[in-house]
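Visitor: Spelled out from the first residue to the last, the chains are:
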Amino acid sequence: VRALAELSSELRDDERILCTSNAAFGERHGRLAVLARGHDPHEPGLLAITGRRLLFAGERGGWLVLEREQIASWALSPTPGERTELWADTPAGSFAIYDVSARLLELVEETEPAKPRQSEPAGAAVALPSMRSVLAVAAACLAALMWTLAVARVEPNAMGDAGLVSTLPLDGFLALALICAAFGATLASRGPSGRLLAVQVLALVFMLYAVPYLVGGEASFNVAWRHVGISEYIAQHGAVDPDINAYFNWPGFFVLSAAATELAGADLLDVVPWMPFLTNLLYLAPLLLIARAASDDPRLPWAAAWVFYLTNWVYQDYLSPQGLTYVLYLALAGLLLTWMRGQRRSALLVACFLLVLAAVPSHQLTPFAMLTAVAALTMVRSNPFRSLPALLGVLIVSWVVFAAGPYLSGHLETLKDDIGHLGSTISSNVTERVDGSETHVVVTRVRLATTAVLWLLAAVAAWQLWRRREWRFMRHAALAAAPFGLVALQAYGGEILLRVYLFGLPFVSLLVARLVFMRRDGTGWRGAGAIALASVALLGAFLVTRYGNERVNLFTSREIASVERVYDIAAPGSVIVAPNPQLPWQSQGVGEYRFKTLDAELEPGAESRPAADSLAAAVVQVVERFSAPAAYVVITRNNREYEELFGAPEWGTIAELERSLAESPRFRRVFDNGDGEAFAYVSPSGEGEGR
Amino acid sequence: VSRRVLPALVLVSVVVFAASVAAGIGTPLRPLVASWFLLACPGLALAPLIARDPAALWTLAISLSVAIEIILGLALLYTGLWSPTALAAVVAAISVGGATMQLVRIEVALR
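Protein sequence lines correspond, in order, to chains V and C. With our numbering, letter number 50 in the first sequence gets 50, and the count goes up by one each step, no holes. Residues are numbered in our numbering as their position in the second sequence, beginning at 1, plus a constant of 1000.
It is worth saying that the hints were derived from the structure and are not from the lab. Values in this document were obtained by computation on a predicted structure and should not be read as measured data.
With the C-beta cut set under 7 Å, the calculated list includes, among others, these residues of chain C facing chain V:
hint : residue
1    : ALA1034
2    : ALA1056
3    : ILE1071
4    : LEU1077
Distance ranges between label pairs, derived from CB positions:
hint : chain 1 : residue 1 : chain 2 : residue 2 : range
5    : C       : ARG1004   : V       : VAL441    : 58 to 64 Å
6    : V       : GLY238    : C       : VAL1005   : 34 to 40 Å
7    : V       : ALA537    : C       : ARG1004   : 42 to 48 Å
8    : C       : ALA1089   : V       : ARG669    : 50 to 56 Å
9    : V       : ALA239    : C       : GLY1026   : 27 to 33 Å
The beta-carbon is built from N, C-alpha and C at its ideal position, and this holds for glycine as well.
Modelling step: build the complete structure from the supplied sequences, incorporating the hints.
Guide: Right under this line is the structure:
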């Protein structure tokens, strides 16, 4: 059945399969490798004849597509009692297909293959693309171009609390509507081309995930800057130091990024704006593989990928361990779902083992998500390797105990407290996040609502498919539910529900696509309109959910320059203090400087908050804990944006801090470029004063 | 498309990457070549030995490339032999070995 789906996906717009037959690819002579790939000797598969071509799809991936014009002659040998053979001669050689059905042979005999048309000029045999194909590609290109021009005009400083959507020009919205309409028209057409759907999905990925580059090209998101710093440390020292940062306990991703940076001869910060686009491209093949395991409809994988990209708002695809190990997670799920029949079992087992072996030392959570996924597949009896859950468990425990032991011993109490405490986990993940400015609260509520609606639609789809006995989808339903097991383990810094959403999204997207985009009456103009409208609704929510924090994620060149100025003047060993973590820092000097935030050092929930005029004294206490040769307080535009968006912390406001530092004899303002300023700490004796 | 195209592409990519590093070519060409080499080549040299369907092939190509490089990088790091050049050399050897094995299998099958 899968072979039939593969054959169908190869058909051109106006091409129809006339007849199919089980067959086995047989002998071939001459230079036929030029025309065929994957033709293992005697590989069983499916043979199809269309009006113009002969197609063969083997069970082991063998594949042959031959134009009728390329077949000089056919020879049939339906010998009674022997296997029936179809021989064909081509300019590149001859081949045989065995065990062909009698019906197909009759059809071949009725349809004499066309001879090469000698009289036609060269090039006349090249089929011109249909008008529909041209329009579909043109629409995708036009939408991408309009979007690029619109987003390039967005001014980060003018963004409101709703993020990108507050400053996006009208033509940006029109571009999004155009790509949705184009995809709807293509998906709802009869026999849509996989290539056209691919072009439109790729255009969407570019439009939605290249935004950080298109807006200004500066590296955005403060955590990405921190990850650059960790990679730089490994590149410089060729070692890790878990005492400096917990990231060094799971260094797999950083080892790869450090090596890649040096081999590419590039600055990793230049790659950061492109990373969401690149990472989402890497997700595409496993997403298609996962969806293909559920249905033989060739449209479903593209529809599922489309829904995934419209709803992947959790922003974990930046330069991060989570972004890269997610590729390994998707690949593991896709491979386990696809190889149910045990083909090339040992090679596949080795591949799965390598994926798991790479994920365990690279990220704290992804191996646990892999474990829940593999366990879920085992429970629904769809795991081809029953030993895999135990293997994963042993690897995770071994790494945590032997390699990340110091981290574990330092955080054992916190981790132990999280286990089983669903109430506090949900509180830290949901209720405590609905905070900040009025508009930001709306953004957070849209995120919660979108998530709830998607999960609800997926549950409805799973229920309907269960009632229709479409059992292949039940494996995906189990994988959509599996990440909820992570909630019982830990709060993950208040982010576990985001990760549950992320790990379940490929399967939730598939179920939603099946329910909403693949209806039986979903063809023609009505179907196209319904798909386009559903896409526009998801896309409208995506702009808010994904880019609702963009006001604080994007950095201006002047605030980047202000942090670089601090690096220039700060002696090694200095303490660099910021009000909150929202600034472009830690991309260099990891291990050389101590980076501290007042949000962390002036602990929330302290019995008494420092008075506004004594904030400078509180900062003095913080910097004097470290006996550093010098200390600096740096405040950037984004620190203030962060405070406006999420609300002031318990220790006070940035305005109060600035006033207190400016009036204190223990601090001296060393520069202010408009988007960033720094104060140097002055010791009581005058020693250790920053330059 | 011939089955020889992918292994040939891997071999050409290894040569182009090595040449770009040796010649000290800068941005944007070298980052593009290095990204392709690191994200696709070792996996693409091995994946066709397991699957040939495009979605499975590219899934294996990308994920195996990433996995192999992380494992190799960690091995070099924890043994105190950290060297991006050594990592690239081993990855290139895997790519060339896998691609050559594919070509040999095709030639044997065609005889």
